[in-house]
Amino acid sequence: MKVKYNIDIVASSPLRVIKRRVSRAMPDSGKMKKPDVKLVILGDMNVGKTSLLHRYMERKFKETISTIGGAFFLKQWGPYTISIWDTAGREQFHGLGSMYCRGASAVILTYDVTNWQSLAELEERFLSLTDTAKDDCIFAIVGNKADLTDPKVLEVEPEEEGTGQPPVCSPPTVSPIVRKQVQREEAIALYGRILRYKLQDERSSLPAERMCFETSAKTATMWTCCSRHCLTWSFPPS
Amino acid sequence: MEEEHQDREQPEIVRCSEPQSHCSPDDTDSLKAAATITLDNTSPAEQGCGTEDPPPCKLDALQEISSTNGPSEPEPEPEPEPEPQPQPQPQGPGGEGPLEASSDQGKVGAGEENGPSEPEGPAVEDDQPENASDSASTDNTLEDSSEFVVTVLARGSLEDQGEGPSSELSEASSPAQAPAPSHRDEDVTAESWRRHRKHVFVLSEAGKPIYSRYGNEEALSSTMGVMMALVSFVQSGDNTIRSIYSGEHGTDEHTVVFMQQGPLVLVSVSCSRQSEQQLRSELLYVYNQIVSMLTQASINRIFERKKNYDLRRLLAGSEKILDGLLNLVDSDPSFLLSAVHCLPLASSLRDSLSQILQKAITPNLVFSILIAKNQLLTIVQEKTVIEDARLEPADLHLLLNLIGASSAFQAGEIWTPICLPLFNPDCYFYAYISYLDPPDCTVCLLLLSTDKEAFYAVADCKRKIDEGMRTQNALRAIAKAQSYSASQVGVSDLRHFMYKPFDVPDNHRQLTQFTSPEMEAPYSSEEERTRLLDLYRYMHSRIHSNSRPLKLIYHVAERETLLAWVTSKFELYTCFSPLVTKASAINAITKLLRWIKKEEDRLFIRNPPKYSTTPNPSKSSRGGKGGPDRQDTTDNGFLSLL
Numbered sequence: 071m072k073v074k075y076n077i078d079i080v081a082s083s084p085l086r087v088i089k090r091r092v093s094r095a096m097p098d099s100g101k102m103k104k105p106d107v108k109l110v111i112l113g114d115m116n117v118g119k120t121s122l123l124h125r126y127m128e129r130k131f132k133e134t135i136s137t138i139g140g141a142f143f144l145k146q147w148g149p150y151t152i153s154i155w156d157t158a159g160r161e162q163f164h165g166l167g168s169m170y171c172r173g174a175s176a177v178i179l180t181y182d183v184t185n186w187q188s189l190a191e192l193e194e195r196f197l198s199l200t201d202t203a204k205d206d207c208i209f210a211i212v213g214n215k216a217d218l219t220d221p222k223v224l225e226v227e228p229e230e231e232g233t234g235q236p237p238v239c240s241p242p243t244v245s246p247i248v249r250k251q252v253q254r255e256e257a258i259a260l261y262g263r264i265l266r267y268k269l270q271d272e273r274s275s276l277p278a279e280r281m282c283f284e285t286s287a288k289t290a291t292m293w294t295c296c297s298r299h300c301l302t303w304s305f306p307p308s
Numbered sequence: 339m340e341e342e343h344q345d346r347e348q349p350e351i352v353r354c355s356e357p358q359s360h361c362s363p364d365d366t367d368s369l370k371a372a373a374t375i376t377l378d379n380t381s382p383a384e385q386g387c388g389t390e391d392p393p394p395c396k397l398d399a400l401q402e403i404s405s406t407n408g409p410s411e412p413e414p415e416p417e418p419e420p421e422p423q424p425q426p427q428p429q430g431p432g433g434e435g436p437l438e439a440s441s442d443q444g445k446v447g448a449g450e451e452n453g454p455s456e457p458e459g460p461a462v463e464d465d466q467p468e469n470a471s472d473s474a475s476t477d478n479t480l481e482d483s484s485e486f487v488v489t490v491l492a493r494g495s496l497e498d499q500g501e502g503p504s505s506e507l508s509e510a511s512s513p514a515q516a517p518a519p520s521h522r523d524e525d526v527t528a529e530s531w532r533r534h535r536k537h538v539f540v541l542s543e544a545g546k547p548i549y550s551r552y553g554n555e556e557a558l559s560s561t562m563g564v565m566m567a568l569v570s571f572v573q574s575g576d577n578t579i580r581s582i583y584s585g586e587h588g589t590d591e592h593t594v595v596f597m598q599q600g601p602l603v604l605v606s607v608s609c610s611r612q613s614e615q616q617l618r619s620e621l622l623y624v625y626n627q628i629v630s631m632l633t634q635a636s637i638n639r640i641f642e643r644k645k646n647y648d649l650r651r652l653l654a655g656s657e658k659i660l661d662g663l664l665n666l667v668d669s670d671p672s673f674l675l676s677a678v679h680c681l682p683l684a685s686s687l688r689d690s691l692s693q694i695l696q697k698a699i700t701p702n703l704v705f706s707i708l709i710a711k712n713q714l715l716t717i718v719q720e721k722t723v724i725e726d727a728r729l730e731p732a733d734l735h736l737l738l739n740l741i742g743a744s745s746a747f748q749a750g751e752i753w754t755p756i757c758l759p760l761f762n763p764d765c766y767f768y769a770y771i772s773y774l775d776p777p778d779c780t781v782c783l784l785l786l787s788t789d790k791e792a793f794y795a796v797a798d799c800k801r802k803i804d805e806g807m808r809t810q811n812a813l814r815a816i817a818k819a820q821s822y823s824a825s826q827v828g829v830s831d832l833r834h835f836m837y838k839p840f841d842v843p844d845n846h847r848q849l850t851q852f853t854s855p856e857m858e859a860p861y862s863s864e865e866e867r868t869r870l871l872d873l874y875r876y877m878h879s880r881i882h883s884n885s886r887p888l889k890l891i892y893h894v895a896e897r898e899t900l901l902a903w904v905t906s907k908f909e910l911y912t913c914f915s916p917l918v919t920k921a922s923a924i925n926a927i928t929k930l931l932r933w934i935k936k937e938e939d940r941l942f943i944r945n946p947p948k949y950s951t952t953p954n955p956s957k958s959s960r961g962g963k964g965g966p967d968r969q970d971t972t973d974n975g976f977l978s979l980l
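Chains G and X supply the protein sequences, listed in that same order. The working numbering puts the first residue of the first sequence at 71, with every later residue one more than the last. The working numbering puts the first residue of the second sequence at 339, with every later residue one more than the last.
Hints are computed from structural coordinates only; laboratory data are not their basis. Wrong hints could be hidden among the right ones.
No farther apart than 27 Å at their CA atoms in a straight line, the calculated lysine-lysine pairs in the DSS-like style are these [stated by the list, open to error]:
{"hint": "1", "chain 1": "X", "residue 1": "889", "chain 2": "X", "residue 2": "936"}
{"hint": "2", "chain 1": "X", "residue 1": "658", "chain 2": "G", "residue 2": "132"}
{"hint": "3", "chain 1": "G", "residue 1": "104", "chain 2": "X", "residue 2": "536"}
{"hint": "4", "chain 1": "X", "residue 1": "936", "chain 2": "G", "residue 2": "130"}
{"hint": "5", "chain 1": "G", "residue 1": "132", "chain 2": "X", "residue 2": "711"}
{"hint": "6", "chain 1": "X", "residue 1": "802", "chain 2": "G", "residue 2": "145"}
{"hint": "7", "chain 1": "X", "residue 1": "711", "chain 2": "X", "residue 2": "818"}
{"hint": "8", "chain 1": "X", "residue 1": "697", "chain 2": "G", "residue 2": "104"}
{"hint": "9", "chain 1": "G", "residue 1": "250", "chain 2": "G", "residue 2": "104"}
{"hint": "10", "chain 1": "G", "residue 1": "104", "chain 2": "X", "residue 2": "800"}
{"hint": "11", "chain 1": "X", "residue 1": "800", "chain 2": "G", "residue 2": "145"}
{"hint": "12", "chain 1": "X", "residue 1": "929", "chain 2": "X", "residue 2": "948"}
{"hint": "13", "chain 1": "G", "residue 1": "130", "chain 2": "X", "residue 2": "802"}
Keep in mind that this is a model prediction, so the values were computed, not measured.
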């Protein structure tokens, strides 16, 4: 936890921040064999966990179907191997949650910005699962489906695709704009409560502005909570 | 509630056709009986099993159902098939007697078979009276006094709907095709919704909707309420409703089958003309798939605590799995035969695959299964566990369906609790699912462990298996493996067959398997495939009729001739070109059996290998059923939700 990177959030992805910090904190053991870092994506069903991960792994958005149990992925990230658990949000699989979280170095709590309940669920249902995670586990709070609320996404879209990969979905097909149900402030407040729950020192932890995001896995865009600045979804190359 | 209902609807009963009820000991029979009724509204009387009182209620409820729900709407699919009508004629002569030739045949109730009704066609009519009287004669015993079948002719409601019967060709075949993505959003008041070939509903005892194959359950809550009213009304008389037959003969026939499983009620509303027995077994698959996700113990417990619990809360997201199951049930004969379809593979290759699996083990690993193209490549089982209980084909079907429905993201390794309802309905296994050949994702590895925490150990097994496959270049060999064509048998008139042996060595612990060639022309289109499967289903229902089982049927249909034959050693369904003669068909079957004998090492898994992952023998004694610990069911967090 000592090592702190001051990475410009605007230039790179917040996920990158998480991982870099985490991977430094971990011993660098053998490649591929033993993952250096365990990362878990939690959140209510249908908030877009699998889509986020899919965007990250394959830079694509595609229709997914409800995840069963949990899906495990290994991702080479620079010199590090990270393992990622994409969990099912359904209550049916709740019992496995603590197993997925055991020893996790980072947890991404995901909610749907158009669905207030999905934010509430994070605290009610998912936070306690992280008891088995590491004590210094890093939390990020991600509000997905921002494209459903903010028409700006569509304008920003064209100029930013660094990968040359056209967005899968074209603007006209974007669903009708829904009223945003979750304000950033609520997510930031939740972040504070999480730190207190985990008994982490708020001053030495990453500030909420850096760890709360609104994203759209569909249009590959992301905002941090501190600015209205729109970010490209630029993940480390695979 | 039911009473009120009854009162309200009573007049309608009168108006609408003669309700009839039968105590029929046997599902299939009742089907025939029903059809008979439909045919000529009087015949049912001769069945005279005597439960005449309940029908009114049932009938009015039926009316209700039909009006909201459309079971009695004009027959979607027989209509488009023009061929059935002429059918009876050609068949009569052809089918007069059963095959005289080989051993078993003589006994087969002779005249019985000629009539050939295809499941989908008005042709059934001709066949029916005869059946009905047949069955009536054998029927008199009430097997289960607590169960009866209500047969009803709901012509009234049919008229209410005023629907032109014709032109549903596409509708009829559509269920077999890939489902439209929007089933959930379907307008349940639309005519197209009513016309689906087979509806399946799941509800709780409190009448809460849990699942509907088409349309949103929420929108169907009143319909489901009526279904529940039916069930509980009959229950209040210490009886169990089993089925309702409705529809005017030849234009609209629906079979409504009810099945209660613990706190769940499953209802199938079908115009597929399958036997009640078959529909019932399909409902059982649906129930078992739900159990596979939640376990029977937790379902029961949940409803014990809270009668009106909304199970969708736990099943949300699983609809696709159930949808997928129902599509498979409609299109894959494995479900009909309750047997597993193996991919033909040189036995040396299959053995080496098995060895690779045998070497990659870890404690508490129970089953290692390799699957390609939705067919079994090989399966290795834990010794002590299968001594306690065997892996049933039905459980394997549920697993295969789960794999098919979970392939959203194929690069990953999935770890999920899964219950195998026939193995042990109250416990979870933990399934590891991963594809060995990304990105193609055709060869799937499935490892089942009893240890919830074993993911990493099991994932290590997969790495070993990966390595073993690579060194032996097995993936390429598997890619070359494919199903075979009926022409390879070398019998000119043979178009297709399904062969299910009973005489596999060590049968007791063996998976029931069957083999079948690709469906080729003329069965290459979806419609034709469905038609052939319907024919097979019809043959199957005749062979397995409870009251009048047959050993051999020679059935001359309009576009093909079928022969089904069951002996103590095998069950065989064959499809020939229509011009085949009885003698040549028998000849062909002899050749076919010889060919299968010659190829059986390739077609079947002869000796499923075993391994031992429980070094500590005491482990094998856990629970009568062998597998997973009971605790896990409570562990899954359902109860905390209540």
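- Query: Of the hints stated earlier, which fail here?
  - Reply: 3, 4, 9, 12, 13
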